[in-house]
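*Asks:* For reference, the chains in residue letters:
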Amino acid sequence: MGYPETPIHVDRLNRIFTLSESMAAMAPITLSVNGKTVDVDVDPRTPLLWVLRDHLQLVGTKYGCGIAQCGACTIHLNGAAVRSCILPVSSVGNQRITTIEGLSPNGTHPVQQAWLEEDVAQCGYCQSGQIMSAAALLNQHPAPSDEEIDAGMNGNICRCGTYLRIHAAIKVAANTEA
Amino acid sequence: MALIQTTYNRRSFLKVSAVAGGGMVLGFNWLAAMDLEALDDVPESLVELNGYVKIGADGTVTILSPNPEFGQNVKTSMPMIVAEELDVDWRQVVVEQARFNNEVFDRQFTGGSQGIRRAWRGLRMAGAAARHMLREAAAHAWRVPVDEVTTADGVLYHNASERSAGYGAMASAAATMPVPEQVQLKDLEDFQIIGTSQKNVDGHKIVTGQPLFTMDQHWDGTLVAMTAHPPAFGMRPKAVDDAAARSMPGITDVFTFKTFEDGYERNYFDTNAFPELVAVVGNTTWEVMNAKRALQIEWEPIEALESTTDHDARMAEMAAKPGRVVRRDGDPEAAFARAAKIVEGTYTAPFLAHNAMEPMTCFAHVTADQAEVAGPIQAPEFIERTLSARLGLPPEKIDIALTRMGGGFGRRAYGHHMVEAAVISRQVNAPVKLMYTREDDMTFGAFRPAYHATYRAALDADNNLIAFHVKAGGIPESPLHANRFPAGAVDNYLAEEWSLESNITIGAFRAPRSNFMAGVEQSFLDELAEAMGKDPMAFRLELLERARTRPVGEDNDYDAARYAGVLKLVREKSRWDEEATPGVSRGVAAYFCHNTYAAHVLDIVVEDGTPVVSRVCCALDCGIVVNPDAASNMAEGAIVDGIGNALYGSMTFEEGVPAHDNFDTYRTIRHSEAPKAIDVHFVENGIDPTGLGEPPFPPIFGALANALYRATGTRMRAQPFAPHLERQM
Ligand code: FES
Ligand code: FES
Chain U
13 MGYPETPIHV DRLNRIFTLS ESMAAMAPIT LSVNGKTVDV DVDPRTPLLW VLRDHLQLVG
73 TKYGCGIAQC GACTIHLNGA AVRSCILPVS SVGNQRITTI EGLSPNGTHP VQQAWLEEDV
133 AQCGYCQSGQ IMSAAALLNQ HPAPSDEEID AGMNGNICRC GTYLRIHAAI KVAANTEA
Chain S
35 MALIQTTYNR RSFLKVSAVA GGGMVLGFNW LAAMDLEALD DVPESLVELN GYVKIGADGT
95 VTILSPNPEF GQNVKTSMPM IVAEELDVDW RQVVVEQARF NNEVFDRQFT GGSQGIRRAW
155 RGLRMAGAAA RHMLREAAAH AWRVPVDEVT TADGVLYHNA SERSAGYGAM ASAAATMPVP
215 EQVQLKDLED FQIIGTSQKN VDGHKIVTGQ PLFTMDQHWD GTLVAMTAHP PAFGMRPKAV
275 DDAAARSMPG ITDVFTFKTF EDGYERNYFD TNAFPELVAV VGNTTWEVMN AKRALQIEWE
335 PIEALESTTD HDARMAEMAA KPGRVVRRDG DPEAAFARAA KIVEGTYTAP FLAHNAMEPM
395 TCFAHVTADQ AEVAGPIQAP EFIERTLSAR LGLPPEKIDI ALTRMGGGFG RRAYGHHMVE
455 AAVISRQVNA PVKLMYTRED DMTFGAFRPA YHATYRAALD ADNNLIAFHV KAGGIPESPL
515 HANRFPAGAV DNYLAEEWSL ESNITIGAFR APRSNFMAGV EQSFLDELAE AMGKDPMAFR
575 LELLERARTR PVGEDNDYDA ARYAGVLKLV REKSRWDEEA TPGVSRGVAA YFCHNTYAAH
635 VLDIVVEDGT PVVSRVCCAL DCGIVVNPDA ASNMAEGAIV DGIGNALYGS MTFEEGVPAH
695 DNFDTYRTIR HSEAPKAIDV HFVENGIDPT GLGEPPFPPI FGALANALYR ATGTRMRAQP
755 FAPHLERQM
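Read top to bottom, the protein sequences are chains U and S.
Counting from 1 along the first sequence, just add 12 to a position and that's the residue number in our numbering.
Counting from 1 along the second sequence, just add 34 to a position and that's the residue number in our numbering.
If you're looking for bench data, these hints aren't it; they were derived computationally from the structure.
All C-beta atoms, glycine included, are put in the ideal place defined by N, C-alpha and C.
Careful, some of the hints might be misleading.
Unchecked claim - Computed list of lysine-lysine pairs in DSSO-like fashion (alpha-carbon distance at most 30 Å, straight line):
#1 Lys568/S - Lys233/S
#2 Lys220/S - Lys272/S
#3 Lys233/S - Lys355/S
#4 Lys183/U - Lys607/S
#5 Lys607/S - Lys375/S
#6 Lys375/S - Lys48/U
#7 Lys183/U - Lys233/S
#8 Lys220/S - Lys233/S
#9 Lys183/U - Lys272/S
#10 Lys88/S - Lys292/S
#11 Lys272/S - Lys88/S
#12 Lys220/S - Lys88/S
#13 Lys375/S - Lys355/S
#14 Lys568/S - Lys710/S
#15 Lys355/S - Lys183/U
Claimed, not checked - To spell it out: a stretch of chain U is covered by chain S in this simulated footprint if at least three of its residues, at any positions, have a beta carbon under 8 Å from a beta carbon of chain S; those stretches are:
#16 43–52
#17 90–97
#18 100–109
#19 179–188
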């Protein structure tokens, strides 16, 4: 339909993570996650998504595609939205990681509040990623236009089709924040 | 108030008891009272559901929601119905998800848009019976006639003596009262909860990322498992070289296993093209994912390796031959022979993958004498039987937790993932979490079938419709419902069907069969209206008026007045009859399936050569709407889903290999492509409610095709539409 393509274009997983015969050795890595410093001992090429989910039990960040196409795994690095499924943990360094669990104490972030007000979720599986993308969008554009919301949210698939409510909730959050 | 005879018996009231520390528990069969009509697309045996209400001494009301939740919001709307008749403040109610339990809950199933419809009366009876017993307890305690005891918001009152007591205080005594033989239900105008918009009971957990889904659960000592399935339908593993995979860090086991043992007789939901898999088990997801990719597997073909080009050719061949006649009214052949004009259209649609956002996943812990399983599943009862047979364990030794599903759309009626997890757990003697990658999920099968339909209509010299002919088929099933509209509205009518076998597995997909027929039928009616020089809305209403006043045949699967009702409502709300807005192209479509009527008017504007859906106006007749805002959400989702699948949805095959395996090559609708506005309107008629998960979905395909035709001049006869548009615009 000549619609804009998703803004994220990446190669397939097996092209991103070329498999070498021998895996790299485990290495201790220090991360800053939701304001806390944590140490993990993992293969440095492990995507941050799996470090969060399997090693740190921060399971709000979801797996949907593994190739930066769906946005379910969206987290913040220094406040910017990043797909954690293709981000090797070794590349994070001392950047601040924020996950859905750390976005606010007890769901008080204006985006989370707007999501509840608009009763956005159906199955809910994509919504952590949607909320993290929306929060980052509002960091960049405190009063986003429709086009800015479209561009900022096109990388997040909602298979249940809650896009209109997501769109409306972002506007509600923008008004609360302003 | 309506006084109704309860139909409680030993089966329907499983338990009425006091609980330790005070309070009462009512176990009841929600559906014991139902007069069960023939089900649409759901096996008859699935329709009974049980649940319970618990009132604590502190007045907390707990309502168990037995149905698996996958975004359709029954976990909120079903308990709302109980709470209404119980007469409690909705804010006092705590909702819990029930586990699968044959003994307490009998049958639990999500599918066919039947949840609310089938549970409606039973839920109300349960709430009303509990309220009655509380009133009896208060009457007893206060030594007053029960008729003088009233309730409001979870409090019992005796106005004459100015006494009152919370439900909690009377709950233990209520448990000793006899179960009433008849109860009074509220009048519709007295509803205080039903018909009000209440938020999703899991909303806060969802927006704070709490562990709601199967893959979020963590059990100590749990290993991660993945499986490799054949790359093509018609293949199985022949030889596995797992040396590299085994030596990789974190890997504990690699082995080949059978999901079903030889000679096992599969049940309805045991769909599975790949019953032999290679399992990789290890400590963490990433390690297992890598090891899986290091497997060297030789696959062997055991059946034909099918391709889409061949499918298309074979479907065209079948369409050219006579099919099985499933309905004939009048003399259609003679009418076509004397026609002054014949209008004809052929429509096709490909296989579709469900692509639920959460890939298949399952936790299992199987020991020698019991199995604990948790996973996203729509039909737990069936999978319990399969697990019982596969594991050699009696059903009571199998515990299934119904975790919230990250979408389903029909895909999770098929529970092979649960069997796989269980078999792997037993083999490795540890709890395991089975994870499908997106690629595994998208290529495993249980697809929406590929379909084909040819429509013909005969017009006489005065442009009157004198005969109608539909011939439809698919791989591997026909999508046709013989007695649906416009059968009943045309004197000479012929419906034929055919099907072709395939080893590509199919499964229920949101409104099975209707999801094709609605779109193509409504596209053809538009072509026909144009050929007849009629307004497409007026033409549909004319046919429905004929079906209402002088129906052809007796066996018509719809109520023509309610069908016309949604069209009239959408005509009014979309201002169809007003002067067209310049630049806006409109398409209309309506359909009836799963007991609910739906009509859409879809508007397209062309921006920089690109058609954009600017608005969808939707009218629904599902009777009483329990939770209006949630119902609108469901309809909005169905509309977005339908537009996405109509434009982009497609799974094709080459030599048995699915040609798409992730979201980079399988297009799904994205944020900017959703309609700019959707307004949903409900017919208000006080009729008992029917479902909404499926009905708004099928007709949107037709509304989109019809609007696109007006915007571009091209009829959209082959799904997906997007490639045709790119050529067009
Ligand atoms: S899981 Fe990372 S974008 Fe889909
Ligand atoms: S709410 Fe289900 S995928 Fe978005």
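*Asks:* Please count how many residues of the stretch 90–97 of chain U have a CB within 8 Å of a CB from chain S and say whether that reaches 3.
*Replies:* It is violated: at least three residues are needed, and the stretch 90–97 of chain U offers just 0 whose Cβ sits closer than 8 Å to chain S.
*Asks:* Are the Cα atoms of Lys233/S and Lys355/S separated by 30 Å or less?
*Replies:* violated, 53 Å
*Asks:* Has the given pair, Lys272/S with Lys88/S, been kept, meaning a C-alpha gap of at most 30 Å?
*Replies:* violated, 55 Å
*Asks:* Do the alpha carbons of Lys375/S and Lys355/S lie within 30 Å of each other, as the hint requires?
*Replies:* holds, 22 Å
*Asks:* Would you mind confirming whether the straight-line C-alpha gap from Lys220/S to Lys88/S stays at or under 30 Å?
*Replies:* Within the cut-off at roughly 21 Å; holds.
*Asks:* For the pair supplied as a hint, Lys183/U and Lys607/S, confirm whether the alpha-carbon distance does not exceed 30 Å.
*Replies:* Status holds; Cα separation ~26 Å.
*Asks:* Go check the stretch 43–52 of chain U versus chain S for me, would you? Three or more residues, Cβ under 8 Å, otherwise it fails.
*Replies:* violated (count 0)
*Asks:* Taking a Cβ-Cβ distance under 8 Å as contact, does the stretch 100–109 of chain U have three or more residues in contact with chain S?
*Replies:* violated (count 0)
*Asks:* Straight-line Cα separation of Lys88/S and Lys292/S no greater than 30 Å?
*Replies:* Given that 30 Å is the threshold and the Cα spacing comes to 43 Å, the pair is violated.
*Asks:* Taken at face value, is the distance from the CA of Lys183/U to the CA of Lys355/S at most 30 Å?
*Replies:* Violated, at roughly 56 Å.
*Asks:* Would the hint linking Lys183/U and Lys272/S be met if the CA-CA limit is 30 Å?
*Replies:* Roughly 56 Å between the alpha carbons, so the hint for Lys183/U and Lys272/S is violated.
*Asks:* Just to be careful, I want the Cα atoms of Lys568/S and Lys233/S compared with a cutoff of 30 Å; is the pair within it?
*Replies:* Violated: Lys568/S and Lys233/S sit about 44 Å apart, past 30 Å.
This entry does not satisfy hints 1, 2, 3, 5, 6, 9, 10, 11, 15, 16, 17, 18 and 19, going by the numbered hints stated previously.
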